[in-house]
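Chemist: If you want the building blocks of each chain, they are given just below.
2 protein chains.
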Amino acid sequence: MGIFEVVERIQGVDVAAQKAMAEHLNCLTKPLGSLGRLEELAIQLAGITGSTSPVIDPAVVIVMAADHGVTAEGVSAFPAEVTAQMVNNFITGGAAINVLTRVAQASVKIVDIGVNADLELPGLISRKIRRGTDNIANGPAMTVEDAVAAMEVGMSTASDAIDQGAKLLALGEMGIGNTTTSSAVLAILGQVPVEQVVGFGTGIDSSTKKRKIAVIQKAIAVNRPDPLDPLDILAKVGGLEIAGLVGIVLQAAAARIPVLVDGFISAVAALVAAKMTPLAAQYLIGSHESVEPGHRIVNNLLAIQPILQMNLRLGEGSGAALALPIVRAASCIAREMATFAQANVADSLKKL
Amino acid sequence: MGIFEVVERIQGVDVAAQKAMAEHLNCLTKPLGSLGRLEELAIQLAGITGSTSPVIDPAVVIVMAADHGVTAEGVSAFPAEVTAQMVNNFITGGAAINVLTRVAQASVKIVDIGVNADLELPGLISRKIRRGTDNIANGPAMTVEDAVAAMEVGMSTASDAIDQGAKLLALGEMGIGNTTTSSAVLAILGQVPVEQVVGFGTGIDSSTKKRKIAVIQKAIAVNRPDPLDPLDILAKVGGLEIAGLVGIVLQAAAARIPVLVDGFISAVAALVAAKMTPLAAQYLIGSHESVEPGHRIVNNLLAIQPILQMNLRLGEGSGAALALPIVRAASCIAREMATFAQANVADSLKKL
Numbered sequence: 464m465g466i467f468e469v470v471e472r473i474q475g476v477d478v479a480a481q482k483a484m485a486e487h488l489n490c491l492t493k494p495l496g497s498l499g500r501l502e503e504l505a506i507q508l509a510g511i512t513g514s515t516s517p518v519i520d521p522a523v524v525i526v527m528a529a530d531h532g533v534t535a536e537g538v539s540a541f542p543a544e545v546t547a548q549m550v551n552n553f554i555t556g557g558a559a560i561n562v563l564t565r566v567a568q569a570s571v572k573i574v575d576i577g578v579n580a581d582l583e584l585p586g587l588i589s590r591k592i593r594r595g596t597d598n599i600a601n602g603p604a605m606t607v608e609d610a611v612a613a614m615e616v617g618m619s620t621a622s623d624a625i626d627q628g629a630k631l632l633a634l635g636e637m638g639i640g641n642t643t644t645s646s647a648v649l650a651i652l653g654q655v656p657v658e659q660v661v662g663f664g665t666g667i668d669s670s671t672k673k674r675k676i677a678v679i680q681k682a683i684a685v686n687r688p689d690p691l692d693p694l695d696i697l698a699k700v701g702g703l704e705i706a707g708l709v710g711i712v713l714q715a716a717a718a719r720i721p722v723l724v725d726g727f728i729s730a731v732a733a734l735v736a737a738k739m740t741p742l743a744a745q746y747l748i749g750s751h752e753s754v755e756p757g758h759r760i761v762n763n764l765l766a767i768q769p770i771l772q773m774n775l776r777l778g779e780g781s782g783a784a785l786a787l788p789i790v791r792a793a794s795c796i797a798r799e800m801a802t803f804a805q806a807n808v809a810d811s812l813k814k815l
Numbered sequence: 464m465g466i467f468e469v470v471e472r473i474q475g476v477d478v479a480a481q482k483a484m485a486e487h488l489n490c491l492t493k494p495l496g497s498l499g500r501l502e503e504l505a506i507q508l509a510g511i512t513g514s515t516s517p518v519i520d521p522a523v524v525i526v527m528a529a530d531h532g533v534t535a536e537g538v539s540a541f542p543a544e545v546t547a548q549m550v551n552n553f554i555t556g557g558a559a560i561n562v563l564t565r566v567a568q569a570s571v572k573i574v575d576i577g578v579n580a581d582l583e584l585p586g587l588i589s590r591k592i593r594r595g596t597d598n599i600a601n602g603p604a605m606t607v608e609d610a611v612a613a614m615e616v617g618m619s620t621a622s623d624a625i626d627q628g629a630k631l632l633a634l635g636e637m638g639i640g641n642t643t644t645s646s647a648v649l650a651i652l653g654q655v656p657v658e659q660v661v662g663f664g665t666g667i668d669s670s671t672k673k674r675k676i677a678v679i680q681k682a683i684a685v686n687r688p689d690p691l692d693p694l695d696i697l698a699k700v701g702g703l704e705i706a707g708l709v710g711i712v713l714q715a716a717a718a719r720i721p722v723l724v725d726g727f728i729s730a731v732a733a734l735v736a737a738k739m740t741p742l743a744a745q746y747l748i749g750s751h752e753s754v755e756p757g758h759r760i761v762n763n764l765l766a767i768q769p770i771l772q773m774n775l776r777l778g779e780g781s782g783a784a785l786a787l788p789i790v791r792a793a794s795c796i797a798r799e800m801a802t803f804a805q806a807n808v809a810d811s812l813k814k815l
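These protein sequence lines map, in sequence, to chains Y and F. So the first sequence is numbered by my numbering: it starts at 464 and just counts up by one. So the second sequence is numbered by my numbering: it starts at 464 and just counts up by one.
Each statement offered as a hint is correct.
Which chain F residues face chain Y? A few, computed with CB under 8 Å, are given here:
| # | residue |
| --- | --- |
| 1 | Leu495 |
| 2 | Phe541 |
| 3 | Pro542 |
| 4 | Thr665 |
| 5 | Pro788 |
| 6 | Ile789 |
| 7 | Met800 |
| 8 | Ala806 |
Covered stretches of chain Y, going by a simulated chain F footprint (3 or more residues, C-beta under 8 Å):
| # | region |
| --- | --- |
| 9 | 493 to 507 |
| 10 | 537 to 546 |
| 11 | 562 to 572 |
| 12 | 765 to 776 |
| 13 | 797 to 804 |
It is worth saying that the hints were derived from the structure and are not from the lab. For clarity, every value in this text was computed on a predicted model and none was experimentally measured. Don't be surprised by glycine CBs; every beta carbon is placed ideally from N, CA and C.
From just these sequences and the hints, can you work out the full model?
Modeler: Below, the structure is given as structure tokens:
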């Protein structure tokens, strides 16, 4: 199925199921509303899945990995080779996302969508569109055709996971330089000054941050992406893994599967999807809000209320994996708690 | 072992292990400090356990249940019978804490330390000191002997769990009326005006809240507890489950086991323990901060930085169970992630 067919399939969430869930939660053996945010999550899950017994397992984290030509401008604290090295680490099982998905009882899929190295690793999903993007400071990151192909990789990866039973997809990414490209995408898509969007990434210093801002400003001036055309923005100043994540969001929303957003980069990808079709935003659950200043901006634009505030700034899907047991808790509260009637517990006055 | 022997055994956390953990975390394949609060938790676990490979499983939530004579004053949204009914619900497995401990891969122990009913339920730990406390508006909740006995129940329950292998204990409670008694304890122990401490509990209205404040002020005037004597405060305006939780904190701290604090009531119990011996506070991990205004006050007094802010106000150990997978994630990050050297990943510039 092509992108536009998938976009056309995306419907709004099920408001009747949300209402039924809210009523169900009020019958459970607890003071009204006393599970706070967990109850809001249960209502959102009902809307997304159309069920008052929403299931989120098996949950799958999909990590899209790609390189960025803009690293030639010295915008990152790590050399570009680290992208490939970390993909190897993911496959070996030694990275944070491996540990955190084990703790969260989820599985993780690693997709090479554009790493600048020849990778033949067991279990790696090889869907390389090209070996990294071009340097956005000098011209477009990639062609529109490449951006579409990357989105389609995301869509088919999501589709495969869903066919294999996945009931929740979480977004993850790896790509040295991708806070730079994500910041560029957000600055244009959200019409926000570049200085407000840019942060310290994986740990750059102040002078590198100044250079990063200048590089993004140059990239925007050189490429002149159309603020109203998400695909044009993706191709000109985005990245292959960002485009792949956009495809995952669209495919999951079309399948009425919740999408657990991770950090700044995946949230920018979710924003691109929401600009293509605003209904997609209804399928997003925000896992956390990082210290990257752009993350707060993009969460606000998406009306995402993050579950965690833990000063994370790693990516990989790490924040999504950390928040996953809380999303699971919301689904299990709805499915497994006894009602006042079932448990023979006296109802409250229900005054509040 | 008696209370004073246990208190004497409590040592400060292992600062060398904390330092070693901080160094270890900086060798793992992630940007420096990029796991934020998770890294702080790992360092705290190292200090508590004295190990850079801290283990928190099996984790056990201990729910202490008791009744409060002060419910005669109409301070709660629920009738007092709900305490016994909810204990039955815990044993049957239909309450929030049952669901949330299953999600968190923990077990739960339910202790009748003072429910005002004859309960014979399979799996219930029956350690009833007395059938509820007396009404604090008219005189002391209980004798000092009862308060000591309740603390000893907490100590022995914790000790049994630790003997059975528990590596983390989480605090839970059930007792209609216990936000009232906890508020009284906090007002005296923290020297805070009653109006600032009292909230809407499980869902009372404004006029009930005014009555609740007046009842606590009366209880303090009638009983005149000594602000410098935690045991006197516990006996005069506290509760049996609160005293039991104090015992758990002390026993766990003596055994160098982390204590995951739940909501307002369990945090007040932790504060009582910390007033008996300030070193006990080093073993506390704050799971969340509820909307109950006193919870923020007591967390500040304990220098607890809560992991979650989810507008919870249920108790039972529910917030502790929700936060448990995050504490587990901190321990597993320390134990399972690869170092830069192991994974052949290029180190960052480590400038920040």
